[in-house]
Amino acid sequence: MPFNQKPQKFSAKINTVTIGTGDKAIALGGESVLPFYTFDGDIENAPKVGVEITDNGIDDTVPGIKAYYDGCASVADMAKKASEMEGVDFVVLTLVGGDPNGDNKSVEDLVAIVKDVVAAVDCPLVVKGCSNVEKDAALLPKVAEACQGTNALIMSAKEENYKAVGASVGLAYGLNMGAESAVDINLAKQLNVISTQLGVKADKIMMDVGTAAVGYGYEYVVSAMDRIRGAALSQDDATLQMPIITPVANDSWNVKEAVASEEDFPEWGPREERGIGMEIMTAASDLVSGSNAVILRHPQSVATIAKMIKELV
Amino acid sequence: MALTGIQIFKMTPKKNCKECGSPTCMAFSMKVAQGAVDISACPHMSEEALATLADATAPPMKTIKIGAGDAEYTLGGETVLYRHEKTFVSRPRYAVALCSCMDDATIDAKLEGLKKVDYERIGERMYVELIYVNYSAEDGQDKYLDIVKKAAATGRTLVLECTDEAVAKAALDICKDGKPVLNGATAANAEAMNAVATEAGVVLGVSGADMNEIYDTLAKLEGLGNKNLVVDVTGADVKTTFANAVQLRRAAIKDGDRTCGYPSIVKVAKLAKDDKYLQEALAALFTMKYGSIIVLQDMDYDQALPLYGLRQNVFTDPQKPMTVEPGIYPINGADEASLCLTTVDFALTYFVVSGELERSGVPCNLLISDAGGMSVLTAWAAGKLSSGTIAKFIEEQVKDKLTCRKLVIPGKVAVLKGDLEAKLPDWEIIVAPNEATQLVKFLKEMA
Numbered sequence: 271m272p273f274n275q276k277p278q279k280f281s282a283k284i285n286t287v288t289i290g291t292g293d294k295a296i297a298l299g300g301e302s303v304l305p306f307y308t309f310d311g312d313i314e315n316a317p318k319v320g321v322e323i324t325d326n327g328i329d330d331t332v333p334g335i336k337a338y339y340d341g342c343a344s345v346a347d348m349a350k351k352a353s354e355m356e357g358v359d360f361v362v363l364t365l366v367g368g369d370p371n372g373d374n375k376s377v378e379d380l381v382a383i384v385k386d387v388v389a390a391v392d393c394p395l396v397v398k399g400c401s402n403v404e405k406d407a408a409l410l411p412k413v414a415e416a417c418q419g420t421n422a423l424i425m426s427a428k429e430e431n432y433k434a435v436g437a438s439v440g441l442a443y444g445l446n447m448g449a450e451s452a453v454d455i456n457l458a459k460q461l462n463v464i465s466t467q468l469g470v471k472a473d474k475i476m477m478d479v480g481t482a483a484v485g486y487g488y489e490y491v492v493s494a495m496d497r498i499r500g501a502a503l504s505q506d507d508a509t510l511q512m513p514i515i516t517p518v519a520n521d522s523w524n525v526k527e528a529v530a531s532e533e534d535f536p537e538w539g540p541r542e543e544r545g546i547g548m549e550i551m552t553a554a555s556d557l558v559s560g561s562n563a564v565i566l567r568h569p570q571s572v573a574t575i576a577k578m579i580k581e582l583v
Numbered sequence: 240m241a242l243t244g245i246q247i248f249k250m251t252p253k254k255n256c257k258e259c260g261s262p263t264c265m266a267f268s269m270k271v272a273q274g275a276v277d278i279s280a281c282p283h284m285s286e287e288a289l290a291t292l293a294d295a296t297a298p299p300m301k302t303i304k305i306g307a308g309d310a311e312y313t314l315g316g317e318t319v320l321y322r323h324e325k326t327f328v329s330r331p332r333y334a335v336a337l338c339s340c341m342d343d344a345t346i347d348a349k350l351e352g353l354k355k356v357d358y359e360r361i362g363e364r365m366y367v368e369l370i371y372v373n374y375s376a377e378d379g380q381d382k383y384l385d386i387v388k389k390a391a392a393t394g395r396t397l398v399l400e401c402t403d404e405a406v407a408k409a410a411l412d413i414c415k416d417g418k419p420v421l422n423g424a425t426a427a428n429a430e431a432m433n434a435v436a437t438e439a440g441v442v443l444g445v446s447g448a449d450m451n452e453i454y455d456t457l458a459k460l461e462g463l464g465n466k467n468l469v470v471d472v473t474g475a476d477v478k479t480t481f482a483n484a485v486q487l488r489r490a491a492i493k494d495g496d497r498t499c500g501y502p503s504i505v506k507v508a509k510l511a512k513d514d515k516y517l518q519e520a521l522a523a524l525f526t527m528k529y530g531s532i533i534v535l536q537d538m539d540y541d542q543a544l545p546l547y548g549l550r551q552n553v554f555t556d557p558q559k560p561m562t563v564e565p566g567i568y569p570i571n572g573a574d575e576a577s578l579c580l581t582t583v584d585f586a587l588t589y590f591v592v593s594g595e596l597e598r599s600g601v602p603c604n605l606l607i608s609d610a611g612g613m614s615v616l617t618a619w620a621a622g623k624l625s626s627g628t629i630a631k632f633i634e635e636q637v638k639d640k641l642t643c644r645k646l647v648i649p650g651k652v653a654v655l656k657g658d659l660e661a662k663l664p665d666w667e668i669i670v671a672p673n674e675a676t677q678l679v680k681f682l683k684e685m686a
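Protein chains in written order, with this note's numbering: chain A, 271 to 583; chain B, 240 to 686.
Hint data in this document are derived by calculation from the structure and do not stem from the laboratory.
Misleading hints may appear alongside valid ones.
To be verified - Okay, derived cross-link-like pairs now, DSSO-like style, lysine-lysine, Cα gap no bigger than 27 Å in a straight line:
{"hint": "1", "chain 1": "B", "residue 1": "K478", "chain 2": "A", "residue 2": "K276"}
{"hint": "2", "chain 1": "B", "residue 1": "K493", "chain 2": "A", "residue 2": "K283"}
{"hint": "3", "chain 1": "B", "residue 1": "K478", "chain 2": "A", "residue 2": "K283"}
{"hint": "4", "chain 1": "B", "residue 1": "K349", "chain 2": "B", "residue 2": "K515"}
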């Protein structure tokens, strides 16, 4: 008696978004099956892996990250080195230094770094803001101008500043926009609706629906993504059919398990291994919940997640 | 599949005798269909009808118990494919793999090593629940039995992988009281293994070349009357294994195929042998999607901390928030004179706040009062976090234990400051920033 396999193929489809230009351009989304359900139908575009650097460089407290970028003199050097990492599909530049509560770097300084990075890398580029909505509203339009012609993805468009960001990124320069919401299907939908009303094309929007490190309220992430993917595929909700990109690194490397020193918790072992474990497990969980791309930091995590994706698709 | 009221009505005696408490057989049948009344309330049902009904109302996935005493675990019994549809009920259990092909030193090191990971997180003990013991024929029966003995002596529940009936029987003679799983049934030996497992009273694991063969063997074993089964879905590669795990669960829950309604075994250790990092990725993957027993090569803290955290999150009931015990939590080596901060008992809030406090390096006491497991603003709106609740908690549980009289309250409930100053006259009330991420800066500036 054979096993009665009932494929679950949906008539709806996730949008396809292309980032970058030329040979190295990547396509995200396009599938009409659940994540990695290759037994139900083809997965047109395998999920992609990005590596994150910031305008302040890299996290040199982690030996493996420091060693990888050894010899890089500038952020542009690091970006180039990052683009050559095993398993990497795109490079992410997070402009963390722009935060008024932090370094409060000027828009001009940050845009200069973006320009250097654009010139240095030939792989698709993703730029994230500084997480302060007012500063990002001023910063990201300038970033979009600097990225003109690269078909980059500019993230960090939130409900508070999507007009300023969307008008420049999506309308003026025709780049891809990353719509950022906080782990909630309704917030994600709302931002997609108002962004498309503004005139940003649906196939130029990626969703960043947020994540948490595993163990830190991750159940909300699972359920938000499950429901978003469910609505997109089984209910054909066009306002939720954007592919999802998830910044994993920041949450993973900032929880206690990845921060506490070995001196304080000797039984836990080296901090670096714990951080990698957090990053890998959060990324794997995000991908199986519906992310089409994840943003990581450690070369080991990047290689491992790229390998997992290759094995599954 | 659930029966409709009409289908049940056809099986009733249709006498309208009212002995069940319902006015008519039809009314009774409708109530049974809704689950409001148990079928046994009718004294006139035939045995045959009862059996049909019991079968029809049985859950789509069986609940399988393994282990004994404190080391007993429940697998399966799931009713949904996604946690938001209702809740998941049985968390996966993790095993460390041993094999009789390993030398004694390795075995001893692994048995010793798996005891290291043992800690508590939000009221749940985190440790390696299971030991997986693989039989390698060329190393002989004696060595295998020796390892089974050693593994059983740890008190952990065992999963024996062995397709040789004689060896399996001998191994079960050693450890059957601990109710291990015997992962050994294949298409070739199903009858013989079934006899070994049922005689010892243990759960039998089924494996096969592909899903068709597995399904066949499951059907055969069910035909022999054994429904105490688990399925080893591990295939030749990751892709096949994931496909097997998902399709088995989906066939049971979505398509109602009860022959598929058994928990699974996923041998991550085999799929990513000697690649610790890929094992981490796969352990997370199968924790998310439908692994019941997940076998790893080793379990150290760097794997355990994220993995057990993930499991704890995914397997919480969406209708019940995770909470931490109310009390005083000293951070960064705080003593009785250290600064006091307070927030709610919602686990997520606690973790975010305590994480930031730890990062600040400032010694302080985090005071957690009972706020019904809600976040700060929700608890405040619901009256679970008020100047009254905080003052009462301080008076009853904090005042005598700590000498510090400075209390930092969450920025989102800054409105409580005045009231608290009135209720706790000898305390200085300080308002924290709105977001936990601003705490490090705030504390450093205060200190």
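Hints versus structure:
For the given pair, K478/B sits about 18 Å from K276/A by alpha-carbon distance, which is consistent with the 27 Å threshold. Note on K493/B and K283/A: the hinted pairing holds, with a Cα-Cα distance of about 21 Å set against a maximum of 27 Å. With a C-alpha separation of about 22 Å, the suggested pairing of K478/B with K283/A holds against the 27 Å cut-off. At roughly 15 Å between alpha-carbon atoms, K349/B and K515/B fall within 27 Å of each other, so this suggested pair holds.
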